[in-house]
Amino acid sequence: EMGAKYEKMALKNQEELKAWHESQITEIQVQVTQNTEALQGARTEVNELRRQIQTLEIELESQRNLKGSLEATLRDTEMRYNMEIESLNTIVMQLESELTKLRNNIQHQTQEYEALLNIKMKQE
Numbered sequence: 014e015m016g017a018k019y020e021k022m023a024l025k026n027q028e029e030l031k032a033w034h035e036s037q038i039t040e041i042q043v044q045v046t047q048n049t050e051a052l053q054g055a056r057t058e059v060n061e062l063r064r065q066i067q068t069l070e071i072e073l074e075s076q077r078n079l080k081g082s083l084e085a086t087l088r089d090t091e092m093r094y095n096m097e098i099e100s101l102n103t104i105v106m107q108l109e110s111e112l113t114k115l116r117n118n119i120q121h122q123t124q125e126y127e128a129l130l131n132i133k134m135k136q137e
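In terms of the working numbering, the sequence shown opens at residue 14 and continues consecutively.
Be careful, since some hints might not be right.
As the list claims (entries may be wrong) - Dumping the calculated EDC-like pairs for lysine to aspartate or glutamate here, alpha-carbon to alpha-carbon at most 20 Å:
no., residue 1, residue 2
1, Lys18, Glu29
2, Lys18, Glu28
3, Lys80, Glu70
4, Lys25, Glu14
5, Lys80, Glu91
6, Lys135, Glu125
7, Lys25, Glu35
8, Lys114, Glu97
To be verified - Label pairs and their in silico Cβ distance ranges:
no., residue 1, residue 2, range
9, Gln120, Ala85, 51 to 57 Å
10, Ser110, Met134, 34 to 40 Å
11, Ala32, Leu69, 53 to 59 Å
12, Ile41, Gly81, 57 to 63 Å
13, Ser36, Gln65, 50 to 56 Å
14, Thr57, Gly81, 35 to 41 Å
Because the hints were derived from the structure by calculation, they are not lab data.
Values in this document were obtained by computation on a predicted structure and should not be read as measured data.
Virtual Cβ for every residue (Gly too), placed ideally from N, Cα, C.
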């Protein structure tokens, strides 16, 4: 009877051990499933972030190119502006010189006219 009792206890222990192992396996499988899902989610997020980084890098390069183009346009515009200012300054100086000559000429003619007028008045 002792042997049957031990056999019954051994069988019970074996069943309990089997149930414990099965519960551990189930628990580990749940954890593996959760970890796999979390890993897949993380991979998806990493891929999305990589796409965003690539998009932002392309946009950054585009903005750098635009900046370079705008800076070149600004330099060209400033150069043309400076050339135009120089040209206009030259014209202004020429016009001021001509104006000075005209004033001097008018003053000289006025003096001659007054001299002639004085002579005419003396003759009369």
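So, against the hints stated earlier in the document, which numbers end up violated here? 8 and 13
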